[in-house]
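Going line by line, the protein sequences match chains A and B. The numbering of the first sequence is the working numbering, which starts it at 66 and goes up by one. The numbering of the second sequence is the working numbering, which starts it at 217 and goes up by one.
Hints should not be assumed to be uniformly reliable.
Chain A residues, not near chain B, derived (Cβ > 12 Å throughout) [as the list claims (entries may be wrong)]:
1) I99
2) P167
3) A189
4) I202
5) F254
6) M259
Short, incomplete list of chain B residues facing chain A, as computed with Cβ under 7 Å [to be verified]:
7) A290
8) G320
9) Y321
10) Q328
11) R332
12) E334
13) Q335
Hint data in this document are derived by calculation from the structure and do not stem from the laboratory. Cβ atoms here follow ideal geometry from the backbone N, Cα and C, with glycine treated the same way.
Here is what each chain is made of, one letter per residue.
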Amino acid sequence: MTPQQKLTALRTIVTREILRFARIWIQTVLPPMITTALYFIIFGNLIGSQIGDMDGFRYMEFIIPGIIMMSVITNSYANVVSSFYGSKFQRHIEEMLVSPVPNYIILTGFITGGVTRGLVVGCAVTLVSLLFNPLSIYNLWVMLSMIVLTAILFALAGFINAIYARTFDDISIIPTFVLTPLTYLGGIFYSINMLPEFWQKASLANPILYMINAFRYGFLGITDISLLASYSISIGFIVVLYTFSIYLLRKGQGIRT
Amino acid sequence: MTAALAIRDLKKTYRNGHIALKGISLEVAEGDFFALLGPNGAGKSTTIGIVTSLVNKSAGEVSIFGHDLETDLAAAKSCIGLVPQEFNFNQFEPVGEIVANQAGYYGIERRQALGRAEQYLRRLGLWEKRRGMARELSGGMKRRLMIARALVHEPRLLILDEPTAGVDIEIRRSMWDFLREINANGTTIILTTHYLEEAESMCRNIAIMDEGELIENTSTRRLLNTLHMETFILDIADPLEKLPDLPGHSVRLVDECTIEADICRDKVINDLFADLSAQGIRILSMRNKTNRLEQLFVRLVEGGSSEAG
Numbered sequence: 066m067t068p069q070q071k072l073t074a075l076r077t078i079v080t081r082e083i084l085r086f087a088r089i090w091i092q093t094v095l096p097p098m099i100t101t102a103l104y105f106i107i108f109g110n111l112i113g114s115q116i117g118d119m120d121g122f123r124y125m126e127f128i129i130p131g132i133i134m135m136s137v138i139t140n141s142y143a144n145v146v147s148s149f150y151g152s153k154f155q156r157h158i159e160e161m162l163v164s165p166v167p168n169y170i171i172l173t174g175f176i177t178g179g180v181t182r183g184l185v186v187g188c189a190v191t192l193v194s195l196l197f198n199p200l201s202i203y204n205l206w207v208m209l210s211m212i213v214l215t216a217i218l219f220a221l222a223g224f225i226n227a228i229y230a231r232t233f234d235d236i237s238i239i240p241t242f243v244l245t246p247l248t249y250l251g252g253i254f255y256s257i258n259m260l261p262e263f264w265q266k267a268s269l270a271n272p273i274l275y276m277i278n279a280f281r282y283g284f285l286g287i288t289d290i291s292l293l294a295s296y297s298i299s300i301g302f303i304v305v306l307y308t309f310s311i312y313l314l315r316k317g318q319g320i321r322t
Numbered sequence: 217m218t219a220a221l222a223i224r225d226l227k228k229t230y231r232n233g234h235i236a237l238k239g240i241s242l243e244v245a246e247g248d249f250f251a252l253l254g255p256n257g258a259g260k261s262t263t264i265g266i267v268t269s270l271v272n273k274s275a276g277e278v279s280i281f282g283h284d285l286e287t288d289l290a291a292a293k294s295c296i297g298l299v300p301q302e303f304n305f306n307q308f309e310p311v312g313e314i315v316a317n318q319a320g321y322y323g324i325e326r327r328q329a330l331g332r333a334e335q336y337l338r339r340l341g342l343w344e345k346r347r348g349m350a351r352e353l354s355g356g357m358k359r360r361l362m363i364a365r366a367l368v369h370e371p372r373l374l375i376l377d378e379p380t381a382g383v384d385i386e387i388r389r390s391m392w393d394f395l396r397e398i399n400a401n402g403t404t405i406i407l408t409t410h411y412l413e414e415a416e417s418m419c420r421n422i423a424i425m426d427e428g429e430l431i432e433n434t435s436t437r438r439l440l441n442t443l444h445m446e447t448f449i450l451d452i453a454d455p456l457e458k459l460p461d462l463p464g465h466s467v468r469l470v471d472e473c474t475i476e477a478d479i480c481r482d483k484v485i486n487d488l489f490a491d492l493s494a495q496g497i498r499i500l501s502m503r504n505k506t507n508r509l510e511q512l513f514v515r516l517v518e519g520g521s522s523e524a525g
């Protein structure tokens with residue numbers, strides 16, 4: 066295929082992926098808006114008013130970046146895992162497998178779809194947050210780069226989950242038992258400085274902590290972790306997961322017999 | 217001339233140890249209309265799966281119009297259109313999108329892809345359904361959708377795995393006409409089917425597989441010539457209680473109005489008619505008991521040898 070043909074193939078996959086979640090926006094975009102509005106009301110307003118300041122900011126201001134990031138992580142992951150597993154389940158992944166489109170274009174297409182949904186939901190949640198707190202941005206580039214990197218990383222993780230999944234249960238086990246606990250323990254609602262020393266150190270093993278803190282830095286200018294560590298871990302994970310995904314596609318894991 | 221499909225010593229053993237292909241070699245000439253036949257589990261779908269890159273081979277070589285699957289995969293894939301046995305499209309996607317997107321995967325830019333999609337959807341009677349979801353189509357329409365999708369990038373080799381399974385006779389015959397037209401325009405076609413009438417009437421060459429091996433690979437005409445005997449059903453005008461003695465003929469009374477006759481290839485059928493007339497038996501109509509190819513197929517597969525008849 067010529068570079069132009071590859072670009073056409075990529076555009077086709079990305080458009081298809083975006084139309085897929087846009088067609089079912091009531092299932093994909095609306096629920097996170099409602100859920101996060103409840104977080105803002107309950108944790109930000111009701112409980113937050115009793116907590117006082119956190120690292121010099123109102124509790125509501127402190128949790129907004131983490132809640133946006135949580136929505137991005139959940140949705141970029143969910144989009145790819147459900148779309149790719151669905152295409153395996155209905156076997157329409159074969160449409161791409163019989164075509165000359167290279168594996169890296171297939172992967173990039175699905176990942177771009179997941180990142181797009183993550184960012185669309187992230188923007189929607191940010192709009193909801195404006196009902197509770199004015200938007201403050203400390204460093205736009207850190208904020209944007211970290212949210213895009215995080216969306217890519219979790220879209221890749223969703224892709225690998227979908228490759229290995231054999232049943233619909235398999236695509237909900239990781240989000241329920243791994244992703245959600247790690248996200249909640251990743252410092253959305255608290256600063257790790259509040260934890261005992263042991264748990265502070267244990268928290269450093271959670272990659273989501275690095276992303277949430279860097280993202281919060283983009284909004285508020287505060288972080289428990291160095292930005293260098295956050296970027297290194299995010300980019301490092303992306304490289305590893307991308308390479309592994311390409312290897313799985315080449316091998317035909319879960320898609321070729 | 218380069219073969220449309222060349223397979224050499226192709227083997228496949230699945231992870232569970234099942235040997236699906238025991239080393240088959242096969243060539244399909246460019247422009248051919250070729251039937252790949254065999255009972256369930258013979259290895260037809262595995263062969264097609266390997267050729268279309270949906271199944272990993274264990275050993276052997278496959279090339280499409282000279283493009284080796286190992287070394288020139290993208291070019292080989294560009295030459296193939298596949299109509300699989302099972303429905304494998306997104307049931308929740310509009311019909312028109314499915315076809316246009318398939319063109320996109322082959323690098324055909326959107327405007328041209330939409331034009332091609334319209335062309336093939338119109339030709340296959342699906343244009344009115346283009347905005348509906350694929351799940352809303354009838355079984356026959358879904359089969360035609362897969363044909364439109366397989367043709368949208370205008371492949372040189374079209375592979376159809378049981379394309380008319382579960383399709384009513386009227387649609388099946390219109391699909392046959394369409395496939396003949398496609399073949400006449402230069403597309404090489406490989407067909408697997410359980411309707412042997414389909415293979416006999418359309419395919420110039422036939423390969424028969426059984427238990428992962430190729431047990432026959434020849435022209436349809438030559439294969440049919442190996443059939444030494446055919447069985448005919450004769451409908452008679454006046455009911456008979458007992459069949460009169462007809463020396464030199466192998467005939468049976470099926471019911472009071474039907475006679476079954478085995479006719480050897482070296483015998484003239486007029487002899488039977490003359491002897492029946494001499495006995496006062498009038499023939500209303502005559503037909504083959506089974507499709508000729510079906511007779512051969514059963515003998516080859518059950519006999520395990522290529523000596524038919």
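Against the structure, the hints:
1. I99: Given a closest Cβ separation of 24 Å, the condition holds.
2. P167: Non-interface label on P167 of chain A violated, nearest chain B Cβ at 7 Å vs cutoff 12 Å.
3. A189: About 23 Å separates A189 of chain A from the closest Cβ of chain B, which puts it past 12 Å; holds.
4. I202: holds, 37 Å
5. F254: Non-interface label on F254 of chain A holds, nearest chain B Cβ at 37 Å vs cutoff 12 Å.
6. M259: holds, 46 Å
7. A290: Result: holds, 4 Å to nearest chain A Cβ.
8. G320: Status holds, d = 3 Å.
9. Y321: holds, 4 Å
10. Q328: At 10 Å from the nearest chain A Cβ, Q328 of chain B fails the 7 Å test, so the hint is violated.
11. R332: violated, 13 Å
12. E334: violated, 17 Å
13. Q335: Since the shortest Cβ distance to chain A is 18 Å, the answer is violated.
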